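Visitor: Now for the letters of each chain:
2 protein chains.
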Amino acid sequence: MAKASFDLDSLTAGVLRGETRAIARAISYVENPSAERLMLLERLFPHTGRAVKVGITGAPGAGKSTLVFQLIPHFRELGYRVGVLAVDPTSPFSGGAILGDRVRMEDSLAGVYIRSLASRGSLGGLSRGVPPAVRILEAAGYDLILIETVGAGQLQIDVRFVADTVVLTLVPEAGDVIQAMKAGIIEIADLYVVNKADREGATRMRLELRAALELGGKPQGWNPPILLTEALHGKGVDEVVRFIREHWEYQQRTGEWERRRQQQLVWELQALVHETLETRARALTEELFDEATLLRIAQREQNPYPRLLQLWQSVHPV
Amino acid sequence: MAKASFDLDSLTAGVLRGETRAIARAISYVENPSAERLMLLERLFPHTGRAVKVGITGAPGAGKSTLVFQLIPHFRELGYRVGVLAVDPTSPFSGGAILGDRVRMEDSLAGVYIRSLASRGSLGGLSRGVPPAVRILEAAGYDLILIETVGAGQLQIDVRFVADTVVLTLVPEAGDVIQAMKAGIIEIADLYVVNKADREGATRMRLELRAALELGGKPQGWNPPILLTEALHGKGVDEVVRFIREHWEYQQRTGEWERRRQQQLVWELQALVHETLETRARALTEELFDEATLLRIAQREQNPYPRLLQLWQSVHPV
Numbered sequence: 000m001a002k003a004s005f006d007l008d009s010l011t012a013g014v015l016r017g018e019t020r021a022i023a024r025a026i027s028y029v030e031n032p033s034a035e036r037l038m039l040l041e042r043l044f045p046h047t048g049r050a051v052k053v054g055i056t057g058a059p060g061a062g063k064s065t066l067v068f069q070l071i072p073h074f075r076e077l078g079y080r081v082g083v084l085a086v087d088p089t090s091p092f093s094g095g096a097i098l099g100d101r102v103r104m105e106d107s108l109a110g111v112y113i114r115s116l117a118s119r120g121s122l123g124g125l126s127r128g129v130p131p132a133v134r135i136l137e138a139a140g141y142d143l144i145l146i147e148t149v150g151a152g153q154l155q156i157d158v159r160f161v162a163d164t165v166v167l168t169l170v171p172e173a174g175d176v177i178q179a180m181k182a183g184i185i186e187i188a189d190l191y192v193v194n195k196a197d198r199e200g201a202t203r204m205r206l207e208l209r210a211a212l213e214l215g216g217k218p219q220g221w222n223p224p225i226l227l228t229e230a231l232h233g234k235g236v237d238e239v240v241r242f243i244r245e246h247w248e249y250q251q252r253t254g255e256w257e258r259r260r261q262q263q264l265v266w267e268l269q270a271l272v273h274e275t276l277e278t279r280a281r282a283l284t285e286e287l288f289d290e291a292t293l294l295r296i297a298q299r300e301q302n303p304y305p306r307l308l309q310l311w312q313s314v315h316p317v
Numbered sequence: 000m001a002k003a004s005f006d007l008d009s010l011t012a013g014v015l016r017g018e019t020r021a022i023a024r025a026i027s028y029v030e031n032p033s034a035e036r037l038m039l040l041e042r043l044f045p046h047t048g049r050a051v052k053v054g055i056t057g058a059p060g061a062g063k064s065t066l067v068f069q070l071i072p073h074f075r076e077l078g079y080r081v082g083v084l085a086v087d088p089t090s091p092f093s094g095g096a097i098l099g100d101r102v103r104m105e106d107s108l109a110g111v112y113i114r115s116l117a118s119r120g121s122l123g124g125l126s127r128g129v130p131p132a133v134r135i136l137e138a139a140g141y142d143l144i145l146i147e148t149v150g151a152g153q154l155q156i157d158v159r160f161v162a163d164t165v166v167l168t169l170v171p172e173a174g175d176v177i178q179a180m181k182a183g184i185i186e187i188a189d190l191y192v193v194n195k196a197d198r199e200g201a202t203r204m205r206l207e208l209r210a211a212l213e214l215g216g217k218p219q220g221w222n223p224p225i226l227l228t229e230a231l232h233g234k235g236v237d238e239v240v241r242f243i244r245e246h247w248e249y250q251q252r253t254g255e256w257e258r259r260r261q262q263q264l265v266w267e268l269q270a271l272v273h274e275t276l277e278t279r280a281r282a283l284t285e286e287l288f289d290e291a292t293l294l295r296i297a298q299r300e301q302n303p304y305p306r307l308l309q310l311w312q313s314v315h316p317v
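Protein sequence lines, in the order shown, are assigned to chains A and B.
So for the first sequence, numbering that gives the first Met the number 0 puts the first residue at 0; every next one is plus one.
So for the second sequence, numbering that gives the first Met the number 0 puts the first residue at 0; every next one is plus one.
Calculated directly from the structure, the hints in this document are not laboratory data.
Note that the coordinates shown come from a computational prediction; the quantities given were computed from them, not determined experimentally.
Just so you know, not all the hints are guaranteed correct.
Said to hold, decoys possible - Not close to chain A: a few residues of chain B, all C-beta gaps over 10 Å, as computed:
#: 1; residue: 5
#: 2; residue: 12
#: 3; residue: 28
#: 4; residue: 209
#: 5; residue: 237
#: 6; residue: 255
#: 7; residue: 279
#: 8; residue: 303
#: 9; residue: 305
#: 10; residue: 312
Stated by the list, open to error - Have a look at the derived ranges for each label pair, beta carbon to beta carbon:
#: 11; chain 1: A; residue 1: 34; chain 2: B; residue 2: 301; range: 31 to 37 Å
#: 12; chain 1: B; residue 1: 238; chain 2: A; residue 2: 186; range: 39 to 45 Å
#: 13; chain 1: A; residue 1: 289; chain 2: B; residue 2: 285; range: 32 to 38 Å
#: 14; chain 1: B; residue 1: 8; chain 2: A; residue 2: 46; range: 56 to 62 Å
#: 15; chain 1: A; residue 1: 198; chain 2: B; residue 2: 238; range: 34 to 40 Å
#: 16; chain 1: B; residue 1: 299; chain 2: A; residue 2: 298; range: 45 to 51 Å
#: 17; chain 1: B; residue 1: 110; chain 2: A; residue 2: 206; range: 44 to 50 Å
#: 18; chain 1: B; residue 1: 285; chain 2: A; residue 2: 221; range: 27 to 33 Å
#: 19; chain 1: A; residue 1: 248; chain 2: B; residue 2: 258; range: 25 to 31 Å
Note that beta-carbon positions come from the ideal geometry of N, C-alpha and C, so glycine has one too.
The following block holds chain A by itself, in its conformation from the complex:
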């Protein structure tokens, strides 16, 4: 993205008018660290903060994308303009390596904007591009954002810092509940969907999941529902929508909403600070360890740690 082509005024105006091309360009800008992205976010900030964000997470093959596709018309009918951000590299939205370039389905339906984000450059799995991309979509008038993320360990945990409601999608398969428990995923979802519920073992999985959730004692407050769906045929999706909305109401009633949003804000700002310093770190590494130095280190003629220690001491005031 050449700097010369960056026109802050027209980009801002285009996003605020909800123009698809402007949104696409704006998201491309904010995916990567730059001063320009901060300027754009500064302009758009007053128009953000109003969307509800739902994270759809789960292992590859659990049917996350199918669920996302099914949720879209339900939320459209409720009057929402729906934005979808797919961070799962195996998502059909993202395309992934098998399709070569990433597929971008922009404005594929009226009132719906679908966009894949690279999971590269991520911190703890969730793409750092997500919170800025959410802001762009908010400023463009989308008020429900679905965030699809691949489900594995850390990745699923981080979606909590972006989403108001986290939906964990599972499929009836022996050992899946145990895997999820071991990975520490089980506690972070607000809603569980056992998809492909026509398969054998769905009801047993629900029982196992309930038992697993109650291992830590009866939940205080929100009791995460476990819903059975056959997303491919749309079965059970209305229940998912009902409970997502119930979860919002619960949070608003209890003040949890504000608390969680505050957390999201901290995470978002921290990520931006990190990225700023990280960009600097890359340049600094090249300065500190040029080709010749690397060669000396590789040949054990030079110890690399004194320079790192010096850097540490220079950035950490005593």
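Assemble the complex: chain A is given as a structure, and chain B must be docked to it using the hints.
Guide: Quick look at chain B alone, frame taken from chain A:
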């Protein structure tokens, strides 16, 4: 870990003597960013760089830990002292949330040291604690390091920057090859293991995998073997060992060894620079965005981006 208890001389000496407790304490130190860890690594550096590192990656349930357990005695017999670093949160070595605290099996066998590392604080999935932990084990006299990492997208790609040989473990399951291709994993392994080969579909999977690998044209140089194992019963493990060693010989013959080690070094140093700045970033975020400021931002009374822009401009010299 209280700073007062850090005794650089005795810790260095303990690690060099191969004392289990010293190794455990040293790894704990180097897992997290600090000036002390850099001092320790500086002392140990002259005694490092001699181990061979093998990454064992694959989805949860593919049998990575079983394979690791089976590889240990084979490499012991070849005269290696074996260190194991498990970064997979679902690994039985790590224990994970289900067992409460992480399990550490230290010195469970003569000449073998097993240690789990948190996957938290990771960059792109692989724990940043891995390269420093490898250095500790090297300095303590371990000359073969097995690194077990959970297999999902980015995580599997990063193990390449630490390991001399990457083994991707798969199980015969419909769609697994496709998933791996989509996630861009297929290209990064040096050796493929189709585990649980007694299951239906193992031979077909091997054919699919070979076809997938040849999609991008016949490989130049190293042609990654695809081996069938039943790791639980030790079947096929000797073949895995044979091909791992053959891969080392291939690399040494072709100069690939040096090139790859240089890459590992760059990644390691870059990660340390990153962590240094990241630690600073956390403190800086707290400075820039204290409680009162956050509240004003949450209530839209203050725009957060001017401060971020200021930070950006202060660390990026024009």
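Visitor: Now, for every hint given, state plainly whether the structure supports it.
Guide: Results for each hint:
Against the 10 Å criterion, residue 5 of chain B stays outside the reach of chain A, whose nearest CB is about 14 Å from its own CB. Every Cβ of chain A is farther than 10 Å from the Cβ of residue 12 of chain B; the closest lies at roughly 18 Å, confirming the non-interface assignment. Here residue 28 of chain B stays apart from chain A, with its beta-carbon at least about 13 Å from theirs, past the 10 Å limit. Look at residue 209 of chain B: its CB is around 16 Å from the nearest CB on chain A, clear of 10 Å, so calling it non-interface holds up.
Every CB of chain A lies more than 10 Å from the CB of residue 237 of chain B, the least distance being 29 Å, so the non-interface label holds. The Cβ of residue 255 of chain B sits about 14 Å from the closest Cβ of chain A, beyond the 10 Å cut-off, so the non-interface label holds. For residue 279 of chain B, the shortest C-beta to C-beta distance to chain A comes to about 5 Å, within the 10 Å cut-off, and the non-interface label is violated. Consistency note on residue 303 of chain B: stated as away from chain A, yet its beta-carbon is not over 10 Å from all of that chain's, at 6 Å minimum.
Not every CB of chain A is more than 10 Å from the CB of residue 305 of chain B (nearest about 6 Å), against its label as outside the interface. Separation of residue 312 of chain B from chain A is inadequate, the least Cβ-Cβ distance of about 7 Å not exceeding the 10 Å criterion. One distance hint, 31 to 37 Å for the beta-carbon pair residue 34 of chain A and residue 301 of chain B, is violated here, with the actual separation near 20 Å. The hint said 39 to 45 Å for the Cβ distance between residue 238 of chain B and residue 186 of chain A, and at roughly 41 Å that hint holds.
Residue 289 of chain A and residue 285 of chain B have their C-beta atoms about 34 Å apart, which keeps the hinted 32 to 38 Å range intact. The given range of 56 to 62 Å is respected by residue 8 of chain B and residue 46 of chain A, whose C-beta atoms sit roughly 59 Å from each other. Range check, residue 198 of chain A to residue 238 of chain B: Cβ separation about 36 Å, and the 34 to 40 Å hint holds. Evaluation of the 45 to 51 Å hint for residue 299 of chain B and residue 298 of chain A yields a failure: the beta carbon distance comes to about 57 Å.
With their beta carbons about 46 Å apart, residue 110 of chain B and residue 206 of chain A fall inside the hinted range of 44 to 50 Å. Our hint of 27 to 33 Å for residue 285 of chain B and residue 221 of chain A holds, since their Cβ atoms are close to 29 Å apart. For the hinted restraint 25 to 31 Å between residue 248 of chain A and residue 258 of chain B, the CB-CB distance of approximately 58 Å leaves it violated.
Of the numbered hints listed earlier, those contradicted by the structure are 7, 8, 9, 10, 11, 16 and 19.
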